[in-house]
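**Q** This is what each chain is made of:
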Amino acid sequence: MTEKKNAAGPQDNQRDTRLVAPGEDLGDSEGHELGHGVIAIDGRIRATKNGRMNVNGNTISIEPRRTAYVPRPGDLVIGYIEGCTNNIWFVDIGAPFNAILPMSLGPSKTDFGGTRSVIDIGEAILCRVQEVEETHSSVVTMKGMGLRKIRSGAVENIDPHLLGRLIGKQGKALRQLKEDSECRVIVGDNGRLWIDGDFNGTLEVRNRLRSLTAEAKAAKIGGVA
Amino acid sequence: MGYGDVQMIDANGIRNDGRKAGDVRPISIELGVVPVADGSCRMKWGSNDVIAAIYGPMEAHPRKIQRQDRAVLDVRYNMAPFSTSDRIRPGFNRRSREISKVTAEALESVVMLELYPRSKIRVEIEIICAEAGTRCVGLTAASVALAHAGIPMTDLVVSVASGKINDVVVCDLNKAEDNYGEADLPMGILPNSGELVFLQMDGDLSPEEFKQAWDYNMDAAMVIHDYCVEALKTGRYPQ
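Line order of the protein sequences matches chains E and G.
Read in order, the letters of the first sequence are residues 1 to 225 in our numbering.
Read in order, the letters of the second sequence are residues 1001 to 1239 in our numbering.
I should point out that these hints are in silico values taken from the structure, not numbers from a laboratory.
Since no wrong hints were added, every one of them can be taken at face value.
With the C-beta cut set under 7 angstroms, the calculated list includes, among others, these residues of chain G facing chain E:
1) P1057
2) G1150
3) L1156
4) N1192
5) V1229
DSBU-like cross-link-like pairs, simulated, lysine-lysine; straight-line CA separation at most 35 angstroms:
6) G:K1233 with E:K178
7) G:K1233 with E:K172
8) E:K169 with E:K149
9) G:K1175 with G:K1044
10) G:K1211 with G:K1233
11) E:K178 with E:K149
12) G:K1211 with G:K1044
13) E:K178 with E:K143
14) G:K1233 with E:K169
From the three backbone atoms N, C-alpha and C, an ideal C-beta is built for every residue, glycine too.
Looking at chain E on its own, in the form it has when it is part of the complex (with noise of 0.2 angstroms):
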């Protein structure tokens, strides 16, 4: 037997990497399971995104160049208010459409009407998606450990895929950040980071997110065909 297995399962090192464009065809099908941004058309493996192909094992998908970001259940995010009635606030969490934090799952008790004394409109919180429809609609939430307003520091975006860059392995590189600019930086699975510290300590996180994007959009990265 080659390959070599442990209780995370079989591992098979063979690594292919490539770049791709949406329609491109990758192969047959048949023994291959699809991952990210691949769909299989007549026993084809087709690309539906720009970017790099990564084979892991029987597993093939596509790491996009760009993406929106799209919530799942249990993502904490960083959002905005973008508005709200009586009892329900809209958040903006960069999504295709803005999410609902009702009165009964916001920050503190709040009486009917009382929502804008709460948050207000333009204001920036740490939530936790709650629940996604199928209508990609969601409901998030405040109620949690360290869920909260956010009252100082500063929020930068990053595209959602590059957070697995900015994380590293087991929060190596993420961790390495914290101790180098001696920030306190939370990471938001929609690309959005709070990051709270001093002044040089803000320019050095932002300055190492403008880096890993330049990075990650860089023409060569991975390898080309």
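With chain E held as given, fit chain G onto it using these hints.
**A** Below, chain G alone, put in the same frame as chain E:
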């Protein structure tokens, strides 16, 4: 001077801009030209200069345009007032409405709209300089910009037009050929599957001429597709 009166191709089959019957005008593609857009593409094709920008997926407004099972493509094709020698009055007109509609329908067959129910994807196509065949350039640029924006698609759409000048079928008409030629056949082609998503015809072609124009378009589409893929991989074409 009327249709067919102007000599646009000589006895050796060389056209007035030096191309042979099956040749395409020079093409260059640049991505990311509109930094605030989610995806963008500038395509120069002969003297045509077109910018396509993509925004979204976003919530569809007004709500009456929302589809419960899929996204809608909001395509806006517009010619800049200075894009031609005759000033074009700004705003939508009959022609731009028609081209926006056929472009949207062509793109709908490749964009995986069912992944974004109730959303809208805005496709803005702006013609900066028009020579001939702007609908083809606009459609091709829009499909490259959609791919650049990370919108899932089953294929790219490459559009190209062939036509008839002085009773000869030629590929990719230029301004004079478009104005004084006898027929024009723009097609939108999916290069990987060879399927057709867009076809218009202006003027008359015999079945044989139609077949010849079809073949020219198919061959040209494969070449232009390679340019588009190269641009998507490296950010621009040529390097």
